[in-house]
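Under numbering that gives the first Met the number 0, the first residue of the sequence shown is numbered 0, with each subsequent residue one higher.
By construction, these hints were calculated from the structure, which means they are not laboratory data.
A hint or two may mislead.
No more than 20 Å apart at the CA atoms, straight line, and that leaves these computed lysine to aspartate or glutamate pairs for EDC-like [what the hints assert, rightly or not]:
1) K234 <-> E314
2) K789 <-> D658
3) K200 <-> D100
4) K241 <-> D231
5) K789 <-> D759
6) K634 <-> D618
Distance windows between CB atoms, simulated [unchecked claim]:
7) D207 <-> A585: 52 to 58 Å
8) L25 <-> I402: 32 to 38 Å
9) R591 <-> S705: 30 to 36 Å
10) D46 <-> R317: 27 to 33 Å
11) Q201 <-> P624: 47 to 53 Å
12) G93 <-> P734: 28 to 34 Å
Note that CB positions come from ideal geometry on N, CA and C, so glycine has one too.
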Amino acid sequence: MSPMRDAPDRALARPRLRPLAALLALLVLGAVGFLAVSSLLPPAARDTSAPAPEFSAGRAFQHVQAMSTAPHPAGSAANDRVRDYLVTTLRGDGLDPQVQDTVTEQGGRLSGAAGGVAMARVRNVIATIPGTASTGRVFLVAHYDSVQTGPGANDDLAGVSTILESVRALTASGQRLRNDVVVVLTDGEEACLCGAEAFVKQHPLARDGGVALNLEARGTSGPAITFETSPDDEKLIGVFAKAPRPVGTSFAVEVYRLLPNDTDFTPFRESGFRGLNTAYIDGAANYHAPTDTASRMDQDSLEHHGENALALVKEFGRGDLNDLEAPSDATYFPTPAGLARYPGWLVWPIALLALLAVLRLGASARKRGLVTRGKLWGGFLLGLIPLLGAPVLAQSLWQVVTIIRPAYTDLQIDPYRPLWFRLGAIAATAFVVFAWYALLRRRMTPAALTVGGLGWLAVLGLLLAWFAPGGSYLFALPALAGALMGLLAIAFRGGWGSVLVLLAGGAVAVVVLVPMVMLFFPALGMVLAASGALLGVALGLALLPVVDLLHPEAGGQRGLVALRSRRLGVLPSLLALLAIVGCGAAGLYTDRFDADHPEPTHLMYALDTDTGQARWLSDETRPRPWTAQFVAGSKRPVADTLPAFGAARLLTGPANSADLAAPQLTVVSDTREGASRVLRLRLRSQRPVRFTALHVATGTTVTAASVNGRAIPADVAADDRDSAWGFGFIFFAAPPEGVDVLLRLEGAAPARFRAMDGSDGLTGLPGFRPRPADVGAVGSHTSDLVAVAKTYTV
Numbered sequence: 000m001s002p003m004r005d006a007p008d009r010a011l012a013r014p015r016l017r018p019l020a021a022l023l024a025l026l027v028l029g030a031v032g033f034l035a036v037s038s039l040l041p042p043a044a045r046d047t048s049a050p051a052p053e054f055s056a057g058r059a060f061q062h063v064q065a066m067s068t069a070p071h072p073a074g075s076a077a078n079d080r081v082r083d084y085l086v087t088t089l090r091g092d093g094l095d096p097q098v099q100d101t102v103t104e105q106g107g108r109l110s111g112a113a114g115g116v117a118m119a120r121v122r123n124v125i126a127t128i129p130g131t132a133s134t135g136r137v138f139l140v141a142h143y144d145s146v147q148t149g150p151g152a153n154d155d156l157a158g159v160s161t162i163l164e165s166v167r168a169l170t171a172s173g174q175r176l177r178n179d180v181v182v183v184l185t186d187g188e189e190a191c192l193c194g195a196e197a198f199v200k201q202h203p204l205a206r207d208g209g210v211a212l213n214l215e216a217r218g219t220s221g222p223a224i225t226f227e228t229s230p231d232d233e234k235l236i237g238v239f240a241k242a243p244r245p246v247g248t249s250f251a252v253e254v255y256r257l258l259p260n261d262t263d264f265t266p267f268r269e270s271g272f273r274g275l276n277t278a279y280i281d282g283a284a285n286y287h288a289p290t291d292t293a294s295r296m297d298q299d300s301l302e303h304h305g306e307n308a309l310a311l312v313k314e315f316g317r318g319d320l321n322d323l324e325a326p327s328d329a330t331y332f333p334t335p336a337g338l339a340r341y342p343g344w345l346v347w348p349i350a351l352l353a354l355l356a357v358l359r360l361g362a363s364a365r366k367r368g369l370v371t372r373g374k375l376w377g378g379f380l381l382g383l384i385p386l387l388g389a390p391v392l393a394q395s396l397w398q399v400v401t402i403i404r405p406a407y408t409d410l411q412i413d414p415y416r417p418l419w420f421r422l423g424a425i426a427a428t429a430f431v432v433f434a435w436y437a438l439l440r441r442r443m444t445p446a447a448l449t450v451g452g453l454g455w456l457a458v459l460g461l462l463l464a465w466f467a468p469g470g471s472y473l474f475a476l477p478a479l480a481g482a483l484m485g486l487l488a489i490a491f492r493g494g495w496g497s498v499l500v501l502l503a504g505g506a507v508a509v510v511v512l513v514p515m516v517m518l519f520f521p522a523l524g525m526v527l528a529a530s531g532a533l534l535g536v537a538l539g540l541a542l543l544p545v546v547d548l549l550h551p552e553a554g555g556q557r558g559l560v561a562l563r564s565r566r567l568g569v570l571p572s573l574l575a576l577l578a579i580v581g582c583g584a585a586g587l588y589t590d591r592f593d594a595d596h597p598e599p600t601h602l603m604y605a606l607d608t609d610t611g612q613a614r615w616l617s618d619e620t621r622p623r624p625w626t627a628q629f630v631a632g633s634k635r636p637v638a639d640t641l642p643a644f645g646a647a648r649l650l651t652g653p654a655n656s657a658d659l660a661a662p663q664l665t666v667v668s669d670t671r672e673g674a675s676r677v678l679r680l681r682l683r684s685q686r687p688v689r690f691t692a693l694h695v696a697t698g699t700t701v702t703a704a705s706v707n708g709r710a711i712p713a714d715v716a717a718d719d720r721d722s723a724w725g726f727g728f729i730f731f732a733a734p735p736e737g738v739d740v741l742l743r744l745e746g747a748a749p750a751r752f753r754a755m756d757g758s759d760g761l762t763g764l765p766g767f768r769p770r771p772a773d774v775g776a777v778g779s780h781t782s783d784l785v786a787v788a789k790t791y792t793v
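Given the sequences, and given the hints that come with them, work out the whole structure.
Printed below as a string of structure tokens:
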């Protein structure tokens, strides 16, 4: 007989006292969870009456309202007006802003857009606040251009207005910082990150590097999250921890490094700058959409952006920027007490210690007679069921929702009102964990399932220590805390002492994992609901001892706590199942499309002037009712006639030919140098466009190329290797006189070229039917694009 079986805590064994222990667990973990969630909430926005040296979202919001009156992509007249506003505002704060007007190509690992090399003419706004004894430069970075589909109030006028208000606060304080502060408001980010690339590669202020603080937004609300850092960020995170409300996690950095996403921070990081990349990300249904307006902005998020940015520029501005080198990345995560962090060299010791503690817990449970060796192995192997089952169920539920509402199929991240769907995914996770536990608890014993669940957390902690060290803490710390507290619970031989220590271990899991569940759903969206569910399962496994305490069927003789009750173990599972259905129904009911939340649709128009044929094109998976008026059938490649689209496969439909002028390609000179041909061409659009493109037929080999004097790789072709077109480039915001192209070709044979340009807006095209009020354009760089192409032989 085990000591726990021989000497249970008789007080807790009484059925009338067991609810007190359960109530205590709910109160303690509920309070800890509330504090953990509260640590993520942005501060309340301050109005325009805030003291002059402090940040005010009310004052910053006035800039947003002034600049977000219309879409303003690079090269547009609206973009010119925003740039003029920036220059005027910075001059009003006593600075001397300059405009860097230059041409550049998208560089580094970003080179090679879908249709070849991406290039742009950009006009960055740059200003400096000189330091008193500078040890380096602090760069405040945000982009002022928007996509063509929306006015960009959040992306990224939120970052721009944050910088403008921070500059005003700095100058109003009358105190100069030690280090130079450089304002870099970039152009052309949405097109190709070309503004940031031009600054880091061409501007003299960037020559010696420094600390870059990039400010972004990918939604309309939520906390400002530092989601990317430069490598070896240990000392940077030490400074970041001093911000008023630091929200960030090293796991986000690891995840972002795996995603095909980039911001202006990428050229800075690739050029050796240190720094932090911050954005608020909830409300992503408005990302790049016409609904990205000032009225949608949560000013609390803007306040969070600004308070942290102003505090960080002061911290970096006062410090020695030569003292930021570190041997490794830090591990860090938000807690109610602030940003918890430890150096990277501790990742492996903590992960190994967690595994050893779980093994010791299993051995101790065996020694006390709580479980056999076979059931320990069984509990570990059966732990795979919730780890795999919950993410699959959560993702499957979202697939069911998309079948009911097909418009969700093409969501980039989230619906407009995702709360009920997120709660449904959490309910699915709870259902799997409770059902798994209820079915196996008596057969395998609570101790076996607890040790097995903690064992999986320890294993995952070790795996992430190898593949993504910044995320190891998510599993290693709950496993370590749970195992250590489990050992104490066994030593206390059940009763109130065991309850208290198990609650302490559960509290650690709640502090570590609840914020990540809260952050992961908006970060990856319902389209990747499985990711949030996986973290939810980790929380459930870490809380198994407490789950047993709350379990209506708890008998206690084989658990870590001695409690008794009647058999109602199926009740939590049934409640979770009802919650799944209820949340899904509530989500579908509350997230209906209307004029303020229009159904996203995608449509383009393409004219081939060689044949006079026109087509409607759409990237929708299944055409929405409005789009079905224009396109049908299955997706097919379009690169043969539209090489700038690369390997894209699109829905198509016949369209009436419009009277649109094709881009003009003229030969400036044609000379021979040995066996090569040197062509000087002029590519010019004959209508207002956002970009122009030129591609060379695959039968012609390009050995050297430059555009407007900028050399570009001659071996970069469109993504579709089966296309008839090879080398090419896309040029955004081209000047009215066009761009000069220099090509060196092998041989003397005639060469074929495909010229294409793209403007925005389908209104006025023959056959176009305007969208109803509850139908909108999806946030895509090609929404409502009008493409015109023509072939030339030279």
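In ascending order, which of the hints set out earlier in this document are inconsistent with the structure? Of the numbered hints given earlier, the structure breaks just one, which is hint 9.
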